[in-house]
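Just so you know, the sequences run in chain order G and W. Numbering follows the numbering used here, with no gaps: position 93 of the first sequence is 93. Numbering follows the numbering used here, with no gaps: position 90 of the second sequence is 90.
Don't read these hints as lab results, they were simulated from the structure. Using N, Cα and C, we set each Cβ at its ideal position, and we do this for glycine too. Be a bit skeptical, because a hint or two may be false.
What the hints assert, rightly or not - Straight-line Cα separation of at most 20 angstroms, EDC-like style, residue types lysine to aspartate or glutamate; simulated pairs: (1) G:46 <-> W:64; (2) W:58 <-> G:89; (3) G:118 <-> W:30; (4) G:65 <-> G:100; (5) G:118 <-> W:64; (6) G:61 <-> G:83; (7) G:152 <-> G:100; (8) G:94 <-> G:59; (9) G:149 <-> G:89; (10) W:58 <-> W:88; (11) G:118 <-> W:52; (12) G:149 <-> W:88; (13) W:22 <-> W:88; (14) W:28 <-> W:64; (15) W:11 <-> W:83; (16) G:93 <-> W:52; (17) G:129 <-> W:30; (18) G:118 <-> W:83; (19) G:94 <-> W:64; (20) G:93 <-> W:64; (21) G:118 <-> G:141; (22) G:94 <-> W:52.
As the list claims (entries may be wrong) - Example chain W residues on the side facing chain G (calculated, C-beta under 8 angstroms, incomplete): (23) 33; (24) 59; (25) 65; (26) 66; (27) 69; (28) 75; (29) 79; (30) 107.
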Amino acid sequence: MTESNKTAAMMERRDFLAVAGSGVIALMATAMVPGKAFAKPEDAAKLISEYTGGKTVQDGKVSLKLPQIAENGNTVPVTVMVDSPMTADNYVKKIHLVSEGNPTPYVVSFNLTPQSGKAEVSARMRMAKTQNVVAVAEMSDGSFFATKKQIKVTIGGCGG
Amino acid sequence: MAKKPRVKVPKSAKKGEIIQVKTLFSHKMETGLRKDKKTGKLIPRKIINKFECLFNGKPVFSADIHPAVAANPYFAFNCRAEESGAFEFKWHEDGGKVITAKREMKVS
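Given these sequences and hints, build the entire structure.
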């Protein structure tokens, strides 16, 4: 084969594989989550604005502890910490965890009180695939802070 | 099948001390997205949708839970020890069932 023929052949093959590949991936995705597509970052953004009532969300105060790689998406440990004195007039009211890549963006919402003493909560999540997790904190003065972290998932945790 | 919640709370604490509470509840947390391999039908959702922690009857911490919380829901959170008394923990299952646990703590 000449150079140009080879390139043409390669390109045809690549196109074919791309089409076939996307078909296979689409099939696999629907098999994992029957009848439902995965949520997109826009769905997460929409949920966050529901939580905040559209208010500006600031950076800072919130930190998310997540493994860089989750071996098993069925159980991923997460710890969220918010910098706050947790006094009666200055405390974290709520902490929401939001998923950018699961079938739905909802994960869990924690409700804290001044008696919580410290705004640090740990839990375990299901992560369907590599994605970003967002932690949004609502303060007693009505302000919102958030942070986002990526987690790589080797085996997705949507079951079945 | 008996579902006995596991709770770790210190038996005593000093006034003002911030203590850690750990809870573990045995539950499949069926998401409603899985298919029965034999029948091909979707297995209906059944999860613990709310967890509450109260101390001497007052709310300290709670969680509104969705199917993305892993099976056997685990929560670790904090509480400022102010007076002696009892923690009450409640797990609310889809369908209305509530499972509770109590733990006492002495504060000096």
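Practice item. Give me the numbers of the hints this structure contradicts, sorted from smallest to largest. Key: 3, 9, 12, 30
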